[in-house]
Amino acid sequence: MADIIKLLPDHVANQIAAGEVVQRPASVVKELMENAIDAGATSIKLIIKDGGKTLIQVVDDGVGMSETDARLSFERHATSKISSAQDLFNLETKGFRGEALASIAAIAHVDMQTRTTDNEVGTHLKIEGSKIVSQEVVATPKGTSISVKNLFFNIPARRNFLKSNQVELRHITDEFHRVAMVHPNVEFHFYNNGSEIFNLPGTKHRQRIVHIFGSKMEHRLVPVNEETEVVKVSGFICKPEFAKKSRGEQFFFANDRYIKSPYLHHAVVAAFEGLIKSDTYPGYFLFLDVDPSSIDINIHPTKTEVKFDDENTLYAILRSTIKHSLGQFNVAPVLDFDHDPNLDTPYSYKEKGAVIPKVTVDATFNPFEESMAKKSSSSGNFHKQSTKGWEDLYEGLGNQNDHQEFSSVVIESESEEQGTLYSGKEAEEHLASTFQLRRKYVVSTVKSGMLVIHQNRAHERILFEKFLGEITVKEGVSQQLLFPLELTFNKQELSVLKEIQESLTNIGFVFESLEEETVKVTGVPMMVPESGIGTVLDRLIADYMEGYANGSISQAEMLAKALSRNLAVRTGDVLDSESQLMLVNNLFACKEPNLSPFQKITYTIISEGDIDKKFN
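The numbering of the sequence shown is our numbering, which starts it at 315 and goes up by one.
Do not take every clue at face value.
[As the list claims (entries may be wrong)] No more than 16 Å apart at the CA atoms, straight line, and that leaves these computed lysine to aspartate or glutamate pairs for EDC-like:
{"hint": "1", "residue 1": "K834", "residue 2": "E800"}
{"hint": "2", "residue 1": "K359", "residue 2": "D375"}
{"hint": "3", "residue 1": "K456", "residue 2": "D383"}
{"hint": "4", "residue 1": "K518", "residue 2": "E532"}
{"hint": "5", "residue 1": "K621", "residue 2": "D605"}
{"hint": "6", "residue 1": "K637", "residue 2": "E587"}
{"hint": "7", "residue 1": "K440", "residue 2": "E381"}
{"hint": "8", "residue 1": "K445", "residue 2": "E389"}
{"hint": "9", "residue 1": "K761", "residue 2": "E922"}
{"hint": "10", "residue 1": "K621", "residue 2": "D610"}
{"hint": "11", "residue 1": "K530", "residue 2": "E829"}
{"hint": "12", "residue 1": "K558", "residue 2": "D857"}
{"hint": "13", "residue 1": "K805", "residue 2": "E829"}
{"hint": "14", "residue 1": "K530", "residue 2": "E555"}
{"hint": "15", "residue 1": "K672", "residue 2": "D890"}
{"hint": "16", "residue 1": "K574", "residue 2": "E625"}
{"hint": "17", "residue 1": "K553", "residue 2": "E532"}
{"hint": "18", "residue 1": "K574", "residue 2": "E619"}
{"hint": "19", "residue 1": "K530", "residue 2": "E830"}
{"hint": "20", "residue 1": "K546", "residue 2": "E625"}
{"hint": "21", "residue 1": "K905", "residue 2": "E871"}
{"hint": "22", "residue 1": "K788", "residue 2": "E871"}
{"hint": "23", "residue 1": "K530", "residue 2": "E800"}
{"hint": "24", "residue 1": "K456", "residue 2": "D375"}
{"hint": "25", "residue 1": "K518", "residue 2": "E501"}
{"hint": "26", "residue 1": "K558", "residue 2": "E860"}
{"hint": "27", "residue 1": "K761", "residue 2": "D924"}
{"hint": "28", "residue 1": "K558", "residue 2": "D593"}
{"hint": "29", "residue 1": "K559", "residue 2": "E860"}
{"hint": "30", "residue 1": "K359", "residue 2": "E510"}
{"hint": "31", "residue 1": "K456", "residue 2": "D432"}
{"hint": "32", "residue 1": "K805", "residue 2": "D488"}
{"hint": "33", "residue 1": "K440", "residue 2": "E450"}
{"hint": "34", "residue 1": "K805", "residue 2": "E831"}
{"hint": "35", "residue 1": "K805", "residue 2": "E830"}
{"hint": "36", "residue 1": "K463", "residue 2": "E442"}
No lab work stands behind these hints, which were simulated from the structure alone.
Please work from the sequences and hints to get the whole structure.
Structure, rendered in structure tokens:
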């Protein structure tokens with residue numbers, strides 16, 4: 315049999331390695347910025363065009379490279395970080411594989427200018443798809459400037475899988491945050507399509523976090539500091555009242571390197587137990603300093619997944635350190651010895667739902683009846699008119715609830731043109747047979763048996779189709795606020811708001827201005843209470859960022875999904891009889907009533923035969 319195993323050419327091997335190292339433009343940004351940090355730069359500029367697809371440029375004032383080093387740096391496994399296998403157990407630099415530049419050059423057009431302090435002139439190198447086009451002498455400042463153009467130009471399939479410019483820019487911004495946050499002494503500049511996004515001067519960790527996430531972060535941070543023989547823990551955690559529904563502001567750094575560790579994340583959440591709700595996540599910016607020999611970084615090309623020698627000890631130290639910080643700064647709950655037990659809800663009423671009080675009015679009551687009778691006896695021309703029916707003037711006002719809580723949204727009726735499950739006399743009959751089960755399900759009867767509806771999922775489907783129609787048709791109804799509401803957001807959140815501003819306006823939001831870190835809201839959709847505007851927008855931005863990053867659906871659909879999830883009635887909300895019946899009717903007026911926007915079943919029908927089987 316002939317020999318069939320062959321060595322791959324270098325350009326093929328480079329493209330294979332590029333599939334691991336360069337997943338998207340953000341991967342290039344990470345590798346180039348980490349190289350700049352390793353070069354001892356004190357000032358780094360990041361320049362992006364078209365979400366990194368057209369241009370990614372990183373300029374630093376580090377040590378630079380000689381003519382020979384500049385040429386050699388684009389060879390596979392060529393590095394100045396390590397020299398032997400033993401160095402892998404004592405890594406103090408960001409990079410060490412020697413694959414990044416070779417992988418980037420294999421799938422893009424690379425233009426590099428570099429100069430060391432000792433040389434008066436530098437080197438200008440041009441590479442296209444691993445092929446060196448030219449190498450010239452050039453006058454350039456000390457340091458290195460690398461421009462990566464036309465990413466994936468020779469791999470069209472990979473380029474087609476890239477998301478929109480906004481999504482790719484968001485990933486690049488995340489990588490920029492991770493590098494800038496752990497090196498506060500370095501000055502960073504970030505430009506996108508000619509406009510400056512970040513200008514971060516050299517400072518300390520706390521100020522760097524505030525510069526990145528906005529001034530509102532200043533009063534949210536609680537310092538954490540603990541030093542043991544195993545690990546030195548420093549950084550900040552966010553106060554429990556600022557816990558969010560998303561996992562946006564959660565950062566772990568080990569030896570000045572961003573890492574992902576679900577195990578250590580669980581330690582942080584465990585420290586917040588009892589202080590935050592179960593469906594929220596605390597924010598934290600934690601820096602771990604461990605012995606380099608006790609951490610293994612070389613398990614994944616991105617170097618974000620690491621292994622520690624003794625994770626159990628780290629878990630215990632981290633949890634106790636955060637608990638200590640929460641208690642030291644009076645964030646932990648305080649025992650109330652003046653609590654009045656008479657104000658507690660009786661145990662027997664714990665599972666009972668709230669009942670809307672009934673108001674009865676005597677339509678014939680007249681406080682002036684006696685005096686009017688006397689007057690009528692003296693004047694025969696006056697005839698008292700009946701006051702019966704005066705309450706018809708106020709018909710419908712009794713069911714309105716102008717001061718709703720954010721978690722309880724009135725279920726509105728849809729247009730009369732849409733079909734409903736019950737109508738006329740049939741609706742009156744089913745109104746008595748429809749009830750709420752454990753504040754989670756709405757139960758009603760149909761011809762084939764018993765209808766059980768999940769109230770949260772059903773309302774999500776109703777709102778989803780309603781908002782999707784309003785965004786598309788641009789017929790959202792807005793409720794003007796008496797006084798404009800000012801909200802603060804960081805630059806990344808503000809960019810998301812500007813991106814979806816048109817869709818929000820179609821739904822009913824009215825923005826007077828979107829200035830730096832400040833948003834002035836003058837109008838909101840009818841079903842958004844004024845007290846919950848900030849919460850709705852916070853959740854909306856978080857859901858939009860998370861959903862857009864993980865999927866490829868349209869902006870309108872993503873926005874409608876986020877709004878429906880945040881405004882739908884929750885499990886535990888009490889619905890009156892009319893709202894229950896309206897929920898049933900509106901659900902079956904939807905185009906796809908059997909599934910929620912998140913592809914979960916909204917209702918089920920238990921037939922009479924299924925019930926009979928239980929008794930056989």
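Results of checking the hints against the structure:
Note on K834 and E800: the hinted pairing holds, with a Cα-Cα distance of about 4 Å set against a maximum of 16 Å. Taken as a hint, the K359 and D375 pair is honoured in the structure, with Cα atoms around 10 Å apart against an allowance of 16 Å. For the suggested pair K456 and D383, the alpha carbons sit about 15 Å apart, so the restraint of at most 16 Å is met. Only pairs whose Cα atoms come within 16 Å are accepted, and K518 paired with E532 is accepted, the gap being roughly 13 Å.
About 12 Å separates the Cα atoms of K621 and D605, which keeps this hinted pair within 16 Å; it holds. For the hint pairing K637 with E587, the CA-to-CA distance comes to about 10 Å; that is within 16 Å, so the pair holds. Using a Cα cut-off of 16 Å, the hinted pair K440 and E381 holds, with the two alpha carbons roughly 13 Å apart. About 11 Å separates the Cα atoms of K445 and E389, which keeps this hinted pair within 16 Å; it holds.
Between K761 and E922, the direct Cα distance comes to roughly 9 Å. Compliance with the 16 Å bound is thereby established for this hinted pair. For the hint linking K621 to D610, the alpha-carbon distance of about 5 Å falls within 16 Å, and the restraint holds. Among the hinted pairs, K530 with E829 is consistent with the structure: their alpha-carbon atoms are about 15 Å apart, no more than 16 Å. The suggested pairing of K558 with D857 holds, with an alpha-carbon distance near 11 Å, which does not exceed 16 Å.
Our distance criterion of 16 Å between C-alpha atoms is met by K805 and E829, whose separation comes to about 10 Å. The straight-line distance between the Cα atoms of K530 and E555 is roughly 13 Å, inside the 16 Å bound, and the hint therefore holds. Using a Cα cut-off of 16 Å, the hinted pair K672 and D890 holds, with the two alpha carbons roughly 12 Å apart. Proposed proximity of K574 and E625 is supported: the alpha carbons are some 13 Å apart, at most 16 Å.
Among the hinted pairs, K553 with E532 is consistent with the structure: their alpha-carbon atoms are about 11 Å apart, no more than 16 Å. Of the supplied pair hints, the one linking K574 and E619 holds, its CA atoms being roughly 6 Å apart against a limit of 16 Å. Among the hinted pairs, K530 with E830 is consistent with the structure: their alpha-carbon atoms are about 12 Å apart, no more than 16 Å. About 14 Å separates the Cα atoms of K546 and E625, which keeps this hinted pair within 16 Å; it holds.
Among the hinted pairs, K905 with E871 is consistent with the structure: their alpha-carbon atoms are about 15 Å apart, no more than 16 Å. Note on K788 and E871: the hinted pairing holds, with a Cα-Cα distance of about 14 Å set against a maximum of 16 Å. Distance restraint check for K530 and E800: the Cα-Cα separation of roughly 13 Å lies within the 16 Å cut-off, and the hinted pair is therefore satisfied. Distance restraint check for K456 and D375: the Cα-Cα separation of roughly 6 Å lies within the 16 Å cut-off, and the hinted pair is therefore satisfied.
Note on K518 and E501: the hinted pairing holds, with a Cα-Cα distance of about 11 Å set against a maximum of 16 Å. Pair hint K558 plus E860 holds up; C-alpha atoms about 13 Å apart against a cutoff of 16 Å. As the CA atoms of K761 and D924 are separated by approximately 14 Å, the hinted pair is consistent with the 16 Å bound. For the hint linking K558 to D593, the alpha-carbon distance of about 9 Å falls within 16 Å, and the restraint holds.
Straight-line distance between C-alpha atoms of K559 and E860 comes to about 11 Å, which keeps the hinted pair within the 16 Å bound. At roughly 11 Å between alpha-carbon atoms, K359 and E510 fall within 16 Å of each other, so this suggested pair holds. Taken as a hint, the K456 and D432 pair is honoured in the structure, with Cα atoms around 9 Å apart against an allowance of 16 Å. Between K805 and D488 the alpha-carbon distance is near 12 Å, which keeps this suggested pair within the 16 Å criterion.
Pair hint K440 plus E450 holds up; C-alpha atoms about 9 Å apart against a cutoff of 16 Å. At most 16 Å may separate the alpha-carbon atoms for a hinted pair to count; K805 and E831 meet this at roughly 6 Å. Note on K805 and E830: the hinted pairing holds, with a Cα-Cα distance of about 7 Å set against a maximum of 16 Å. Under the criterion of a C-alpha separation no larger than 16 Å, the hint pairing K463 with E442 is consistent with the structure, at around 10 Å.
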